[in-house]
Amino acid sequence: MVSVRMEESKVWKTCIGMMVNLIEEAAFKFTPDGIKMKAMDPSHIALVDFELPATAFVEYKVKQPTVLGINLLEMYKIMSRGKAEDELTLELDEERNRMGLTFKGASTRRLSLPLIDIREAELPEPKLQFTATAEVLAGVIQDGLKDAEIVGDNVRFELSNDGLLISAESDKGTAELKLGKGDKALAKLNVKQLARAMFNIKYLSDMTKAASSSDIITINLGMELPIQLDFPVADGKGRLRFLLAPRIEAE
Amino acid sequence: MGVQLGDIVTKQKVELEQLRGRVIAIDAMNSLYQFLSIIRQRDGELLRDSKGRITSHLSGLFYRTANFVEAGVRPVYVFDGEPPRLKQRTVEQRRAVRAEAAEEWAKALKEGRVEEARKFAQRAGRVNEQMIRQAQTLLGHMGLPWVQAPGEGEAQAAHLIQRGDAWAAASQDFDSLLFGAPMLVRNLAITGRRKLPGKDVYIMVSPEVIELKVVLEELGVTQEQLVDIGILIGTDYNEGVKGIGPKKALELVKKQGSIKEIVRTELEEKFEVDPLEVREIFLKPNVTAEYEVKWGESDPEGIKRFLCDVHDFSESRVQTGIDRLTKGREKRGQPSLEKWFG
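If you read the sequences in order, they're chains D and X.
Numbers 67 to 317, taken from the numbering used here, label the letters of the first sequence in order.
Numbers 107 to 448, taken from the numbering used here, label the letters of the second sequence in order.
Hints were generated in silico from the structure; no laboratory data involved.
From the derived model, a few chain D residues whose C-beta atoms are all more than 10 Å from chain X:
id, residue
1, 120
2, 132
3, 164
4, 171
5, 175
6, 238
7, 241
8, 243
9, 248
10, 303
11, 305
Straight-line alpha carbon distances no greater than 20 Å define the calculated SDA-like cross-link-like pairs of lysine to any residue that follow:
id, chain 1, residue 1, chain 2, residue 2
12, X, 445, D, 307
13, X, 319, D, 108
14, X, 348, X, 362
15, X, 445, D, 194
16, D, 102, D, 296
17, X, 445, D, 110
18, D, 238, D, 217
19, D, 268, X, 439
20, X, 119, D, 90
21, X, 410, X, 156
22, D, 76, D, 272
23, D, 104, X, 442
24, X, 354, X, 374
25, D, 102, D, 73
26, X, 117, X, 326
27, D, 104, X, 443
28, D, 127, D, 71
29, D, 268, X, 123
30, D, 102, D, 119
31, D, 268, X, 442
32, D, 268, X, 120
33, X, 354, X, 322
34, D, 149, D, 300
35, D, 268, X, 435
36, X, 390, X, 269
37, X, 117, D, 135
38, X, 445, D, 189
Only a predicted model underlies this, so the values are computations on that prediction, with no experimental measurement involved.
Think of the CB as a built atom: it goes at the ideal place given N, C-alpha and C, for glycine as much as any other residue.
Using the sequences provided together with the hints, build the complete structure.
As structure tokens, this is what we get:
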């Protein structure tokens, strides 16, 4: 049996909203400990790694590990119908092979969607030796990306002892965002070695645009390595992690 | 035609953009035939230059390739070499179909049946040696690599992927999967808004990705068994068994284990060539490790000389294509995450 209830539907909505631009279909694994989902986008440039422990729920009933295949776009449509403060229950309707979503607020509304047949992807753990990490306000990243979008398709992230630098350059002009030590939006900075890499803006904005601008994102970066972005979910009980492959200068 | 596996394999639609940075080994003959078939005037007549030489294949190769190169795809065209002995009959059959279509086409034109004329014309197209050489010359000017296969192009394309020199094979046929290509992309050259044949209806075509590992897992068969399924349905090298389609073939192979067992049953006399010989073509393909895959700069002057001066292409349209090639070059540098998987 699978039946889990969370206090505010917006938690789930935000998570789905952040995944839906990257992956169409997802296999959520419900275990007695919590919910997990890991998937790559079809072009294998980005990876989504989601974890929400049972403790993030007010009620959590999962007897045995169950994988539920979900069309994220359809689920997002349903989530968009819920009010942020509604209580949300996710339930497996085994008989009809559906997932039920119940919003409890001013009224009780129940929607459901068919489960899809999907393999649970076995993804290896990437081996990455990040050399710098920072905790940054999501709103700042969102701003940096929007600026860079005006200039081109790619954006450079750099973490040094000076702080975070988000920059873009093309024949259309330049864009630069600096976040230094002492700036409130930079909650934490730890640089063992200068880290710098370039990324596709579209992917990064797909990952970050649904985040609340007041979320603190943890960035992990290395020299020409993928970037790892961790978003706290349900007050940090869970997390949504993205990994994005860098762009390599054309040979 | 290739093996008809379409009904039993899972295809995933992707956007062209999602193939960015990917090296894709393209079945050159398959593409050229496709261009000859679809790039036509309304009455079915091929595009020609002022000297009457066919240019449909060049138009297709240039503009369609520029399209996906712009999106950041890194194509490497693979040309067929010597076909396996068993393909001879298929080759002759195709030749006969084309000859017949050419006659029907002429007849339809004479009688003013324009739509039908177009249909027959599409079947009549034939890629000759000269067209292949022209295609290779054009690719050279475009700064794109091509590889000469010793045998079947699809086999060589699969080999490129297995050696890590390409990410996927591109072809409309499913044979690449039988040759062991881990990844197959379909619809690459026809992505975009396309007219349905014989109708005034347009549809959006997007690329499809088929992953061999997923196909094998979902069907619950091995690579050898997939080849056996192909042999039962029919390939370019054998007719297949009458009355056996993909689903029946899958069932049979799973029940019997392999074609070796199947030939011991009453089905044996239904094969007119030795299925084990066909099996060898796929499982021990004639391929080479002697090739080079390298992307260069495109040569705008060379392209214009070849397409505009020699073959009367419109200079402004060709310039647009050249711009796309340049744009694509900037986009290529997007590796996939697998690069960092341990």
